[in-house]
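*Asks:* Based on the sequences and whatever the hints tell you, model everything.
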Amino acid sequence: MIVERKSSLLRRKILAHGFLLIFLALIMFPFLMVLSISFREGNFSTGSLFPERPTLEHWALALGFDYTRADGTVITPPYPVLLWLGNSIKVGLIASAGVLVLSTTSAYAFARMPFKGRQGVLDTLLIVQMFPAALAVVAIYAIFDTLGRVVPWLGVDSHPALILSYLSAITLHIWTIKGYFDSVDPALDKAAQIDGATPWQAFRYIFLPLSVPILAVVFVLAFIFFINEYPVASVLLRETDKMTLAVGARQYLYEQKYLWGDFAAAAILSGLPITVLFLIAQRFLVSGLSDGAVKG
Amino acid sequence: MAMSDTVSAAPFPGARFGNLLRFAGLGAVALAFLYVIWGLYMAAQPVYAVLTFALGAAIVILYGWSRFYTWRFVFPGVAAVAVFIVLPVIYTSAIGFTNFSATNLLTLDRVQAYHLQRLVKEEGSKRPFALTTAGEIYFPADGDRPALITPPLGSADPLPAEPALSEPETEAMKAVMANRAALQAATVQTPDGQILTMDGLRAFSASAPFYTLQPDGVLLGADGSRLIPNPEIGFYETEEGEKVTPGWRVPVGWDNFRDIARNEGIREPIVQIFLWTFTFAFLSMVLTFSVGTGLAVILEWPHLKGAAIYRVLLVLPYAVPAFISILVFRGLFNQNFGEINLILSQLFGLKPDWFTDPALARTMLLIVNTWLGYPYWMLLIAGFLQAVPKDHYKAAALEGAGPLRCFFSITLPQILPPSVPLLIANFAFNFNNIVLVLLLTRGGPDIPGTLLPAGSTDLLGSFTYQMAFNDSGQNFGMAGAISTLIFAVTGIIAYANFRVMQRLAAKRSAR
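Protein sequence lines correspond, in order, to chains X and G. So the first sequence is numbered by this note's numbering: it starts at 1 and just counts up by one. So the second sequence is numbered by this note's numbering: it starts at 1001 and just counts up by one.
If you are wondering where the hints come from, they were derived from the structure by calculation, not from laboratory data. Please read all numbers here as calculations on a predicted model, not as lab measurements. Ideal Cβ positions, reconstructed from N, Cα and C, are used throughout, including at glycine. Check the hints yourself; a few may be wrong.
[As the list claims (entries may be wrong)] Below, a sample of chain X positions facing chain G; criterion: calculated Cβ distance under 10 Å: (1) Ala97; (2) Val101; (3) Met113; (4) Val128; (5) Gln129; (6) Pro132; (7) Thr171; (8) Phe219; (9) Asn228; (10) Trp260; (11) Phe278.
*Replies:* So, in C-alpha cells, the structure goes:
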C-alpha cells in the first residue's frame, strides 16, 4: 500500500466520491426520467420525478392490452411492441447461431489446418471487418429485391433475408475464436490424430467442448449486435408486423405522432431483458473484447 | 499438426451410408440452386444468375470432392463475407457509375412497356350506358348500332355483350356512383369483338395503344409524334429534344464524381459533411477514451470503497441497447417538452434549440455519443491497468509525485500502446456511426441552399443513406458515388489499423 499523509488522503477520498456521485447522477438521469415518464398521464405532459397521479396506461398499452381511462374512453395499443421484441429475439437468436457455426468452423481451419492463402484470407478478413454492411445497404436492398422475385420468402420484408445478410458479421468473431483455439495445447490434437481421428472429429470432440466459454461470449456479442442493428433492418423490413424492435421503436417519436409516454414504457419493457443479459455476460465479454481485437 | 495431409475416406462401417447421404444432400442443394438460377435468368438478371451459379458450383465442388476437405471448414464463413459485404461494397461502387435514381428507376424494357401501355380512346366507339336493376350494363340503341346488354357485373371478364331483346328496367345515376369501382374494373366485349372500358360516368368506349414500336426502337404515336430513345441519358426524347419520364438506368461513367468535384450545390455540402464526419469521429474517440480512462483509473484507486457498485452502475449506458438510449435522448432533448430543457429553463432560464441550431445539434450528438461510448473504454482500460506494475507507483510516491504526475508518467505510457489499434477501430466505427445520426437527428437541421438534401449533423454514411432511401427523390447513383469515397477512406483507416496491429504483434512475440 502506498504511504500517504492522512489529511490529504481524506480530501482525495471525498473528492473522488463526490466526483463519482455527480457523474453517476448525470449518467443515471435518462434512466430515472424514462421510468418516471412511463407512469405519467398522457404523452406530452411534464411533471416532477415522482408523478402526482401515476397511471399504468402506458404499461398496459406496451404489453398489448386495451386501456380504459377513468372517463370511459378506450385506448388501443399504438404498436405491437411484444411482436417486435419477438421478431428481434427470433432474428437475433437464429443469426447468432448461424454466426457461431460459421465462425467456429472457419476459425478451426485457420488455427489448425495449413492451406494455401491462409494468412492472406485472415488479413483480408481483418480489413473487411472495418466496412460495416450498413454502408452498402443500397446494394443489399437490390440483391434481396431481385432474389425475392424468384424466391419470395427470401425477398425484401422477410426475416430469412435479414438473417442471411447478418451472417456476414463473422469477421471479428473468427479472429476471437481463432485466438482461443491457438491457445489449445497442440499435444491434444496430436494425440487424437494418432488415435485415428479425422480433423472433423478432433474439432467436434476436442475443440468444441474445450471452447464453450468463448463460444458463449461470441454468441452473446453477436446477439447484442443484431438486436441493436438498425440500418440494414430498416431497409429490408417495411411492414409493421415484420419489423424488429430497433426499426419499430422509432415510430413512436415522429414529429406528427409523438408518443413519449407510450415509448417510455415500451423502451423499459423491451430494453430490460437485453440489459440484464448484458450485465450477466459482461465479465466474460471484456476479455473477448480485447483478446479478439489484439491477438495477431 | 498438419492433419489435413492424412485425410482420406476413413474406412469405418458407416462410411458408405454417410457418403450416400452426403451426395443426396449435395444433389438437393444443386437442384435448389438450379431452380434459383433458372428463375433469375428468366427474370432477365443474367449477372445474378452467373453469380449464383458460381456460388452453387463452389458448394458442390468443395463438398463433393474430398481433395478440398480443408476448404469445407473455411468456405461457409468466407462465402458469407464475400456475398454480403465484399459484393455489396463493389456493387454499391458500381451503382455510383450509373444514373440509377427515382427518375431512372426501371430498365429500358419496363420503360418501353410503360409507354406502350398508354391507351387512347378510339374515335366513334363511345357508347352511353345505363345500369339495370339486375346489375347488368345496358347500352341503348345508338344511331345504326343496336341495343346491347351484358350479364351481371363481375360474372365474367370480359363481359360478353349481346343484342338486347327488350328494354330493361334501369337504375338512376346514384347506382352508377355506388358501383363505380366495379364498373371501372369491368371490360365489355361487343359482338363484333371490340373491347370497351368505362369512359367517364355515362359511357363506355374502345381504346387502342397510342404508341407502336418501330423496328429502330423509336415509338411512333397515333398522332404522328415520335419518341426517340437516348441511351446516353436513359430517357426517351421528343423530336424537339424534350425528356419524357420515366427514364431507365444507363452507365454514365464519371459524371457523378464530376458533379461532386465541380457542382457548387453538391460539393459544398459534401465538403462540409466530410469535415464534420472527421471532426465527429475524432472528438468522439478522444472524449470516450478520456472519460473512460479517467473513470477506470479512479475506480482502480485502492482507497476507494464501493468501487464494485460504481462499476456496475457506470457500465449501464453500454448495457442498454443503443437504439433505445438514443431514442430516449431524442425525447429528453426535445426543445418544447423535453426534460433537459425544462430543467435548464428552471435553473438558468435557458432553452437551447438542440434540434434547429447546427452547433448545438452537433454538441448534442457528441454528448450522447460520449454517454454511449465511455463504458467500452472504462472496461478495456480497467483490464490494461492490471498489467501496470504496482512497484512503479510506490517508487513514484516515494519520490513525491502527485496523482496527475503518476497518471501521465506511468499509467498513460503503459496503457496507450495496446489501445492504439482499438482507438483506430473506434475512429472507424464513429466515422460510420450512422445509427446515432439516423435515430437522433436524421441529419437535421438542414444545410440551406443545397441541391441535395443535406443536414449539418449528417455523417457521410447517413447522408448517403438518406439520399438513397428518403421519400423525396431517391438518388442511388449519387449515393453510390459518395459511398465509394467512404469506402476509400475506410479502406485507408482499416489498412493503417492493420499495420499497427501487425507491428504490435511483432513486438509482443519478440518480447
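*Asks:* Hint numbers the structure violates, sorted upward?
*Replies:* 1, 8
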